[in-house]
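Keeping their order, the protein sequence lines are chains R and B. Quick note on numbering: my numbering labels position 663 of the first sequence as 654, and the sequence is numbered without any gaps. Quick note on numbering: my numbering labels position 1 of the second sequence as -8, and the sequence is numbered without any gaps.
If you're looking for bench data, these hints aren't it; they were derived computationally from the structure. A portion of the hints provided could be inaccurate.
One copy or two, either will do: identical chains are not told apart, so a pair holds if it fits within one copy or between any two.
[To be verified] With a Cα cut of at most 16 Å, we get these calculated EDC-like pairs of lysine to aspartate or glutamate: (1) K292 to D441; (2) K256 to E371; (3) K186 to D271; (4) K261 to E568; (5) K506 to E568; (6) K214 to E265; (7) K214 to D226; (8) K397 to D427; (9) K313 to D27; (10) K292 to E568.
Listed here are the chains, written in short residue letters.
There are 2 protein chains.
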Amino acid sequence: MTDENAGTEGGVPLETVDAWWRAANYLTVGQIYLLDNPLLTEPLRPEHIKPRLLGHWGTSPGLSLIYAHLNKLIVERGVSTLYVCGPGHGGPAMVANTWLDGTYSELFPDIPLDGDGIARLFKQFSFPGGIPSHAAPETPGSINEGGELGYSLMHAYGAALDNPELVVACVIGDGEAETGPLNASWRAHAFLNPKTDGAVLPILHLNGFKIANPTLLARISEKELRRFIRGNGYDPIFVTGGFDGEDHFAVHERMAAGLAEAYDKIAAIKLEAEQGGFQDEGPSWPFIVLRTPKGWTGPAKVDGKQIEGTFHAHQVPLAGVKENPEHLAILEEWLRSYRPDELFDDEGRPPAGFDALRPVGALRMSDIPFANGGIEHALELPPVAESALDLPERGATGEATRVFGKWLGRIMGANPDFRLFGPDEVLSNRLDGVFDVTRRQWGEAIVPNDELLAREGKVIEALSEHLMQGMLEGYLLTGRHGLITSYEAFIHIVDSMFNQHAKWLESASHVEWRKPISSLTYLLSSHVWRQDHNGFSHQDPGFLNVVVLKQSEFVRVYLPPDANTLLHVMRHNFGTEDRINVVVAGKQPQPQWLGEEEAERHVRAGVGIWDWAGYEPGFDPSDPTATDPDVVLAAAGDVPTTETIAAAQLIHEKLPTLRIRVVNVVDLFRLQDAGEHPHGLSHEDFDRIFTRDRPIVFAFHGYPTLIHQLTYRRHGHDNLHVRGFKEKGTTTTPFDMLHLNDLDRYRIALDVLHRVPGLESNPAILGIAEEWAKARADARGYAYEHGEDPPFITEWTFSRPAF
Amino acid sequence: MTDENAGTEGGVPLETVDAWWRAANYLTVGQIYLLDNPLLTEPLRPEHIKPRLLGHWGTSPGLSLIYAHLNKLIVERGVSTLYVCGPGHGGPAMVANTWLDGTYSELFPDIPLDGDGIARLFKQFSFPGGIPSHAAPETPGSINEGGELGYSLMHAYGAALDNPELVVACVIGDGEAETGPLNASWRAHAFLNPKTDGAVLPILHLNGFKIANPTLLARISEKELRRFIRGNGYDPIFVTGGFDGEDHFAVHERMAAGLAEAYDKIAAIKLEAEQGGFQDEGPSWPFIVLRTPKGWTGPAKVDGKQIEGTFHAHQVPLAGVKENPEHLAILEEWLRSYRPDELFDDEGRPPAGFDALRPVGALRMSDIPFANGGIEHALELPPVAESALDLPERGATGEATRVFGKWLGRIMGANPDFRLFGPDEVLSNRLDGVFDVTRRQWGEAIVPNDELLAREGKVIEALSEHLMQGMLEGYLLTGRHGLITSYEAFIHIVDSMFNQHAKWLESASHVEWRKPISSLTYLLSSHVWRQDHNGFSHQDPGFLNVVVLKQSEFVRVYLPPDANTLLHVMRHNFGTEDRINVVVAGKQPQPQWLGEEEAERHVRAGVGIWDWAGYEPGFDPSDPTATDPDVVLAAAGDVPTTETIAAAQLIHEKLPTLRIRVVNVVDLFRLQDAGEHPHGLSHEDFDRIFTRDRPIVFAFHGYPTLIHQLTYRRHGHDNLHVRGFKEKGTTTTPFDMLHLNDLDRYRIALDVLHRVPGLESNPAILGIAEEWAKARADARGYAYEHGEDPPFITEWTFSRPAF
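Hey, can you work out the whole structure from these sequences and the hints?
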C-alpha cells in the first residue's frame, strides 16, 4: 500500500468522492425502502415506505465505494475502464451510480436526473414490472448478470482480449469466489498478452458473508489469502477499513492509494510490454482485496441484534419499517446519516461538484462502448466455395470438421477480432486448419518441443468448458466474434451458462439502447456415435434438449450431415446476431453427400427431400406431392443420415417397387411449426415433405423424444417412429453403438417394413432380419479380430451419384 | 522433504516397490498394445499387436508409482487408504495395479492371476465390448469415473466425512486441475473436522500436459505453486523426478520419503485433534506435488521426435506398430525394459515377493469396503405422522419445506451417517428444522454473532453447487446417506454431474460385485413461480428435462403439491437405493390439500383423482369410469395445483352442471407408459384416470413440452392441452408470473371452456374472460400499491373439505 496519488492533492478531492459515495448509498437505501418522500423533505412516515421490502443492501456500499474511486481515477488519468460487477445482488448500487453518472437518465429518459427521477428510480426497484435486484442487461455498462454467480472474472478476461487500452475492473464477491467457474478463472491471465490485450484488475470484495453463512476467503488469515493471490500469479494490494466505526476518510485514502497503485502497476506493465518485455514469463498483475463490513454504513444494531458486519445485512437489514415506529426512526436516521440535503438540491439534482467526478462521454463506465456498443466490426467471411470439399461422387469419404477448420483458418486470418475457444479439443476435433494462420495464445513458459504455442494468437485453450464459454461470452459481449468447440457429451458442463446467456439475450432484446451482439456458436464434435475407447460416460447428446427450451427467437440447432453442409451452416451462423447456434458435426471420416452448391441450397431450405437417395420414380422437386411415397425415411445428424441412406438402399434391393422417400433435416427447428419457432415450417410445407399419412421412420442423432417434442402438433405425428440414442452405451465400435440403440441401417430397414401396410409377411422382412443377424455376428467377429467394424457398404448406388 | 521412513530400512524394500511398479507399467503397455504373446515368451511379431491402438499411456506410470508406494505405506502402517484416481484416462494403470493386488481376479474370476489372466486383461482393454480407458465403476476400489474431469477431490472430501480412520489419497491430474469443479474443491478441508472425519491427501500429479497443450500448473514456478498450495491451506511436499534419465531409485526414495512425511503429518494432526486441538483454526493438511515426465519410462523419441515428456505421450506414444518394423522393435525394447522375466513366472504369476507389498483383505485399496461395500447402515426413518401438518381444513396455509425440515431434523438426529448439503440455501429454503439437532460444520474461524456454525455438524454449505453435489456423491458412494437442496434454476449448474452420476449407477448395476448405494435426492425449492425480486435469470424449471433423458431405472421426479405429500415423497425416496430422486417443492406459504394419510395414499398411487376438488356427481373412487367427466383438469406441481383447483371452482360457479374431474400428478413418470418407465401407468389405468377422449387441460410446473414428451403414446394425447413455463419471466408478483405464462386460474378455466364441445358461445366464457381482465387489472393496481398480489381466494368450497 502506498500513499502516492491519494486524490487529496491535485486530483479529485476525496470530499467529492465521499459525497458521491454517500449519494450512491442514499439512493441504494431509497430503492429498497422508499415509495415516497424520496428526498426526505419531510419527516419519514409509514406511508412513505414500500409495502414489501425486497432487495440487497449488504454488498452495495462496497460496490459504490469502488465505483466512486474508479470514477476519480478515470477522470484523473483518462483510462478507459469497464466495471464488471460480480456480487450477485449489487443491482441497486450499480443503478444508483449510473444514475449519478447521468447515463441512466440519458438511456431511460423517463427517469431524469432530478427528484422525479429519484422517485421513479426508487419505485421501480424490485417492484412488480420493475428491475431486478442484481446487475442485469437493463443496467447501463453491464456485461455480467449478477444472478447465477461465477462468471464475472471470465467475462472480464474475455472483454480484455484484443482491447489493449482497456482496464477491466472486475469486482468479485466473496460468495461468488466459492463457485467452481470463478475459481477456474483466477489463472486466466495466462491467456492475456500484456501488449496486445487489455488488463484485468480483480477486486475481491471481502464483506465476509453470503446469504446466511460466512465466506471461506473472509475467514482465512491475511497471510494465507496473500499467498493464495500470489500463488495465482497476482500482486495483492489490501485495502481494509470501515470496521469499529472507522472514519470514512481514512478508508477513502487507503482506497484511493490502493487503486492508484494498481493503475500505476498496470501502466508499468503495459509500458514494459510495449518495450518488448515479458518474453519469458508473464507479469504479476495487481489484485485488490477490499475488506469492508457487510452492510457498511447501515444500521449497526436492530432490536439489540448486530446487523452491520453480519449476514443479517445481506438483504433488508431493517424489517417491518411500516409497522414499527422504532424501525422507521432507525431508517430515517440511517438515510439522514448520508446528509441528503448536501447531495441533492431542491429539485433533487446532484450538486455541481459531482461534475468533477464524472468522466466524459465514452469514458463513463456506464456508457462505455465496450459494454453498450454492439458489434465493433462486421465479420468478413471468405467465400465458402474455395474451402469446400470437392467430391468425386456421393458417398466418398471426408472429414467434416477438418474441412471446416481450413475455412475457419481463413476467417481468422481475415478477422483479427475473431477468436476460437476450446477445452483442449481444437486439435482433437480436427480444426488444425486454424493453425495455418494463428497460434494458441499462452503467457506462461514455452519450452522446447512445445507446438503451436505463442505469446500472441487467436486460439485459447484451457481444460475448462466454463472458462472457455465465459471468455467467449465476454469477448462477444464487448463487440467481437468467436466460436467454441467442445466434446458433445461434456458441453452439459455449461448448460447453465448457456441458459444464462440465452436469458441475457432475451432481456437485452427489450432494452432499447442495447445493440445486437455477435451470435454465440458451438461446434460440438467427438459425438455420441464415435466413442470407441471412451465409452458410456462420453456419450450424451442431451445438450440439444436443454437448448430447445429457450425462447425460439434466440436459439438454433443444426445437424449438418456432411462437410459442405457444415461449411454452409457455419457461413449462415457467422452472419447472425443475438443468437445461440448449436452445431453438431462428427470429426471422423464419413461418407460425404452434397456438393458445395447443393449444400448451400440444403442449408437454406433447412430440410429437404434427397431424391437421389430415395426411390420415388417420377419425383418432381417442384411438387413433392406429385408422387406418393409408401414410406418416408428421415434423418437428422451425420451418422443417422448414413444409416438412413444405407437402409433405403437395403430395402430397395429387396423391394424395388417400394416408393421410399429420403428426407434430411439439417435445421432442427424446421420440425417445429411456424407459430412456435421462426424457422418452423408451415403445416402445409411440412406435409408436402413428410406427407400427412405415410409412415415416417426418423433416425435422429440425439434422444428420440426430442423429435416427438418438436413435432407433436404435426398431422403426421402419429405415424412418426423415431430412433436415436436411448442411453445404451459402452466402449465399443460405431456399428455396435448403433446396434445397441436400434439405430443401425438394418433396424431402420426393419422398422420401415414393419410399418408399411401390406408388408407384414413379406419375405423381405425375413431377408433383412437375417442380414441384420449376420451383420451383427460378422461385425462382432471382425471387431474381435480387428478392433473395429468391417467396411459395410463399399458401393453406394444412387439414381444421381454426381451433382 | 525428509528421508525418514524411506522404506529401505525396516519396511518394504524399494526393490519390491520398483518391481511392482515395473510390473504395473508392463501390464499397462500390454493393455494398450498386445493381443497375443503377453509375456514376451517369443520375439514380438506384428500379429501379436492389437489391430487398433487405443488407450492412454501418459499419466499411467505416475499413477502406478503412487499406487505401489501407497501399498508400501499401508503394509507398513496399516492405515486404511482409499485411492481416488482423478486423471482422466488412467484406467489401464488402475486395472494393472488392482490385478497385481489380486483383487481383480477375485472379482472377475475369468481373469485369473496368471498368464491367461494377463492375456484376457490385455485384450479387453479399449476393445469392443471391453473396458474403457478410464477408471470406472468396473474398476475395483474406484468411486470416481475418470471420464468427465473435475470431481475427484470433491468425491474424496465426501468420502472422508465421518470416516475418522480413513485416509483418502486423491490423485489430481494437472489437466483436471484446470476445471472449475476441481478448483472449487481445494478449500473443502474447511468442512472437515480433523477428529471426527478422515483425512484427504491431495496428490497433484504434474506431468505437464493435457491432450495437446501444456497445463497451467506445470508451467508456473515452483515458488508460485508452493504459494498457491499454502494459500489454499495445505502444507506442500514436492516430489520431482524421472527427468533426464534419472535413476528410478532416486525417485523411489523421494517418493517414499514424501508419502511417509505426509502420513506422519496426518497422524500428528489426528493425534492433536484427539487431544482437543484445532479449536481456533484448522490444520494445514499435507499435499503432495508429484512432478514426473508425461509417459515416463516410455519411448523417449520416435522417428526423431521427442515423445516422453511431451503431449505426444498422452495416448498411444508409438503408432503403426503392426506395419512399421522399427516401431515394433521400439515397443519390444520398451516392454523388455521392465524385465518381464523377473516379474512373472512361467505361468505368468507375479513373484512371491510381491506379497510383501500386498495389503491384506480390506486394507487393499482395490477391495476397500468404503468403495466396494454398499450401504454401511440402513437408514432409520422416524414416523412421518408425528411431523405431519395437522390441517384444520383443505386450503389452509402452510409451508411445505418448513414442515419437511422438521422431519429432516429428526432423521438427522437418528442417523449420524445422514448429511445435508446446500449452496447456502438451507435456511433460505426454510429447512431450519435441521438446526434443532445439528449445526453447520465449519473449520475456519468462528466469530461473535456467527450463528449455527460449529466444529462438528451434519450440514455442509458452500456457495458451489458443484462442491455440494460432489461431496454428497462421495458420501453416498462410500455407503452413507444424504440430501442436497438448492435453487431450482441454478441446479442446471450440475446437469453434467447429474448425468455422470446416473451413468455411474447404470454402469455399476452391471458390475456384479458392486453393492447398491443410497439414492441421491435433490430438493429443489425457490422455484420458478416465486421469484418476486430475482426475476428472469432465476426462473428455469428445465432440470427435469435433463433428468428424464436418463435410463428410467435410475431416475424419479416428484412434484408434491403440499407439505404432507412432500413428507411422504421423501419417506419413499429415503428408502430407495441406486436412484436419483428429484423433488420440486416451494418454500412459500401455500394452500395445503391433503391430510397425512391421504398424502401417503396419494404418493403411493403417484397420480390420483381429487374428487373433493372436482365436480363429478356420483364419482366412485373404485371405478372412475362409472362417471363420465366433461373435462379433465390435471396438475403437477404445487402452484399449478392451486391454480387448477381454483379454476375448477371458478368454472363450477358459472356452470354447475359441467362435470369436471381434477387429477393431481405427484410422480411425474406415472405419465409415461409402463413399457418405458417402471413407474409408468398401463394404458388402461391411464385411460381410467384421464379418459380416452375428453379434453384434458394440464397445468404443469415446468416446460409444457415435457408433458407432451412423456405422454405422446397415450390415447388421449391429442386431447391434451398443456400450460406451463414458457420462458416468460421477469421481476414481478406470483400472479403476474402465472399470467405471463398463461398458467393462471382464469386462463386455465378459459382453456377448459374453449375445449369442451358445445360451450363455444356459452356466456360463462365471457364471464370468466371478464373476471380475468378484472383480476389482472386489480392485481396490477394492488401490486402497484402493496408490492404484492391481492389474496385471490379466501374461501375454498369443496365437496369434502375435511379428511
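We went through each hint and held it up to the structure:
For a Cα distance limit of 16 Å, the shortest separation of K292 from D441 across copies, 14 Å, qualifies, whereas the shortest one inside one copy, 60 Å, does not. Within a single copy, K256 and E371 get their C-alpha atoms no closer than 37 Å, and across copies no closer than 61 Å, so neither meets the 16 Å cut-off. In this homomeric assembly, K186 and D271 come within 16 Å of each other (Cα to Cα) only inside a single copy, at 14 Å, whereas the closest approach across copies is 46 Å. In this assembly of identical chains, the alpha carbons of K261 and E568 never lie at most 16 Å apart, being 33 Å within a copy and 59 Å across copies at closest.
Only within a single protomer do K506 and E568 lie at most 16 Å apart by alpha-carbon distance; the minimum there is 10 Å, versus 52 Å between protomers. For a Cα distance limit of 16 Å, the shortest separation of K214 from E265 qualifies neither inside one copy, at 33 Å, nor across copies, at 27 Å. In this assembly of identical chains, the alpha carbons of K214 and D226 lie at most 16 Å apart whether taken from the same copy (13 Å) or from different copies (14 Å). In this assembly of identical chains, K397 and D427 lie within 16 Å of each other by CA distance solely inside one copy; the values are 8 Å within and 64 Å between copies.
Proximity of K313 and D27 under a CA criterion of 16 Å is satisfied intra-copy only: 13 Å inside one chain copy versus 84 Å between copies. Taking the shortest Cα distances, K292 and E568 never come within 16 Å of each other, neither inside one copy (51 Å) nor across copies (48 Å).
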